[in-house]
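J.: Counting along the sequence shown from 1, when you hit position 377 you're at 377 in the numbering used here, and nothing is skipped either side.
By construction, these hints were calculated from the structure, which means they are not laboratory data. Some hints here could point you the wrong way.
[Said to hold, decoys possible] Below, simulated DMTMM-like cross-link-like pairs (lysine to aspartate or glutamate); rule was C-alpha separation at most 25 Å, straight line:
| hint | residue 1 | residue 2 |
| --- | --- | --- |
| 1 | K213 | E200 |
| 2 | K471 | E431 |
| 3 | K138 | D475 |
| 4 | K138 | E115 |
| 5 | K457 | D475 |
| 6 | K165 | D178 |
| 7 | K457 | D493 |
| 8 | K471 | E447 |
| 9 | K165 | E394 |
| 10 | K470 | E432 |
| 11 | K428 | E394 |
| 12 | K471 | D493 |
| 13 | K195 | E177 |
| 14 | K428 | D461 |
| 15 | K213 | E171 |
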Amino acid sequence: MSNFLQWAKSNPVTIGCLLLVLLALGSFVWPTGGLKKGVLDEAATIARMKRTIENKMRSTHPLPIKPVTGPGTFTGPIRETDLAELERIFEKMGTGYRQLFSNVLSINRYGLRNEQGQPISPHRPLVDRLFPQIPDAKRFNARQKYVDNLQQLYTSLQAGTPPTKAQIESELKRVEEDFRASILVLEGELTTDQKRELAERTVKARREMILSKARSIKLYGAPPTFFTTQPTGIFSISNLALSTAQPTDWDIWEGQMNLWIQQDICTAIRLANSGSRDGRTYNSVIDAPVKQITQIEVLPMYVGVPRTGLGAAATETDNTSTSPSAAPPEAGFTVSPVGTGRQSNPLYDVRLATVTLVIDPARINDLFDWLAQVNFITPTVNSIARIDKRVAFENSYYYGADEVVMLNMTLEFCWLRRWTAGHLTPDKAQEEFQNWLFNADPTQLTEQQQALVDAYKALSDPAQQLELIKKEYFDQGLMPDVVRYYLGLPPLDPNYAPPGSPSSPGTTNSFDAT
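Take the sequences, apply the hints, and build the full model.
T.: And the structure:
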């Protein structure tokens with residue numbers, strides 16, 4: 001040790017250098033250790049944040065109830081404020097949807113209303129309390145009411161036919177007799193001048209006869225005939241009025257749909273012909289946009305439903321769902337040819353009709369607008385052809401001064417099952433009632449509605465509430481079981497025997513899908 005001290009005293013510079021080296025090493029080691037600890041702490045924090053984010057990304061949150069489609073879930077990060085805002089948006093959408101559906105349902109069920117709020121052409125059953133279980137005592141009565149309604153529909157159009165050939169010949173014969181009497185030549189050959197004057201009188205008489213008829217009606221169209229294998233007239237005559245046998249459930253329902261569809265078409269035409277243009281009121285064929293109905297044909301069956309029906313696949317489904325039926329339709333019935341792509345589904349049924357008429361081409365859009373307003377009818381033009389009015393006049397038709405065309409179109413109708421098929425279950429009726437109750441304006445309730453609300457609120461037992469709704473609010477709809485079976489809906493009668501089954505009661509519950 002003494003030797004080291006002696007050496008240190010002899011080498012102060014060397015000792016100083018060694019001390020500097022030691023101090024440098026110490027100053028390096030101390031901050032590096034602190035930095036290492038900071039890096040490790042930050043890495044641990046990042047790992048915790050990563051795990052938190054991964055957990056949030058994997059976490060599932062219940063969402064507020066969506067309108068129509070019901071409740072749902074969302075997987076991923078979401079804030080509570082976002083959920084609250086989403087709930088507010090969904091509630092607003094739900095209120096709007098329920099109001100819109102209610103308005104559409106009202107038009108679909110009761111038709112377009114006038115300024116006083118009264119239905120112009122409501123869709124009423126042929127006979128009161130005829131559906132869904134059709135009493136035998138009302139079957140022939142329903143047939144007669146169908147005939148009466150079509151005849152009244154024809155009258156409401158203020159339609160008529162041009163003078164017939166026989167009528168014109170009779171009138172021209174009378175003109176000639178009057179002329180001969182005026183010149184005291186009852187028989188024998190007329191002079192050239194007399195022949196020329198007679199020809200002028202007959203041309204004038206024929207023209208006036210045609211014009212007089214045109215001025216007395218709103219449009220041309222032949223009246224319907226019934227109970228014949230070859231019906232005539234502008235209407236599509238259902239099998240309900242083509243057979244003399246007792247009408248089946250299927251015949252009566254098809255007759256009912258046939259009538260409603262044609263009532264809607266004629267209502268739109270009547271409204272189109274009831275307006276004015278450039279200050280000129282539509283008083284007759286000469287002024288009216290729709291000059292003639294050549295033919296209305298209501299096509300049989302339902303778009304999207306196979307000819308054999310969906311009875312084998314009948315399930316109890318939610319009739320407010322927008323999902324199409326799972327049963328594959330047969331070729332030719334897949335979707336509507338109108339171009340909308342619609343087909344019958346648990347929300348509505350799609351029916352088609354074709355119409356051929358003579359119309360002022362400048363007023364086609366007016367007719368389309370009325371079709372949409374009457375019952376959301378969607379038209380598609382199949383063909384349009386110009387009419388030679390001189391040739392038409394030779395056939396005793398006078399359409400006025402405006403250009404006219406022959407228009408053939410297909411019309412698509414959607415019938416909401418909420419009223420044709422009713423509620424499928426009392427539970428759905430209660431759900432709908434509760435939605436209505438939540439959004440109802442207490443100041444706008446009728447006495448009957450208020451009484452139902454009070455009785456419902458007075459009950460605390462859900463089972464009792466359901467019984468009350470089933471008794472007072474549940475709507476079983478109008479469809480007979482044979483139609484429900486065909487569309488794949490559960491029958492109202494638990495003992496219903498489908499067509500072709502051993503216990504089927506025969507033609508009463510059979511349908512002809514050909």
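J.: If a hint holds in the structure, say so; if it doesn't, say that too.
T.: Against the structure, the hints:
1. K213 - E200: holds, 20 Å
2. K471 - E431: holds, 15 Å
3. K138 - D475: Within the cut-off at roughly 21 Å; holds.
4. K138 - E115: violated, 35 Å
5. K457 - D475: holds, 20 Å
6. K165 - D178: holds, 20 Å
7. K457 - D493: Between K457 and D493 the Cα gap is close to 31 Å, so the pair fails against 25 Å, i.e. violated.
8. K471 - E447: With a Cα-Cα distance of about 17 Å, the restraint between K471 and E447 holds, given a limit of 25 Å.
9. K165 - E394: Holds - the C-alpha atoms of E394 and K165 are around 11 Å apart, at most 25 Å.
10. K470 - E432: Holds, because 12 Å separates the two Cα atoms, which is no more than 25 Å.
11. K428 - E394: This hinted pair is violated, its Cα atoms lying about 62 Å apart.
12. K471 - D493: OK: K471 and D493 at ~17 Å, within 25 Å.
13. K195 - E177: With Cα atoms ~13 Å apart, K195 and E177 stay inside 25 Å; holds.
14. K428 - D461: Given that 25 Å is the threshold and the Cα spacing comes to 18 Å, the pair holds.
15. K213 - E171: holds, 13 Å
Hints 4, 7, 11 from the list above are not met by this structure, while the remaining hints are.
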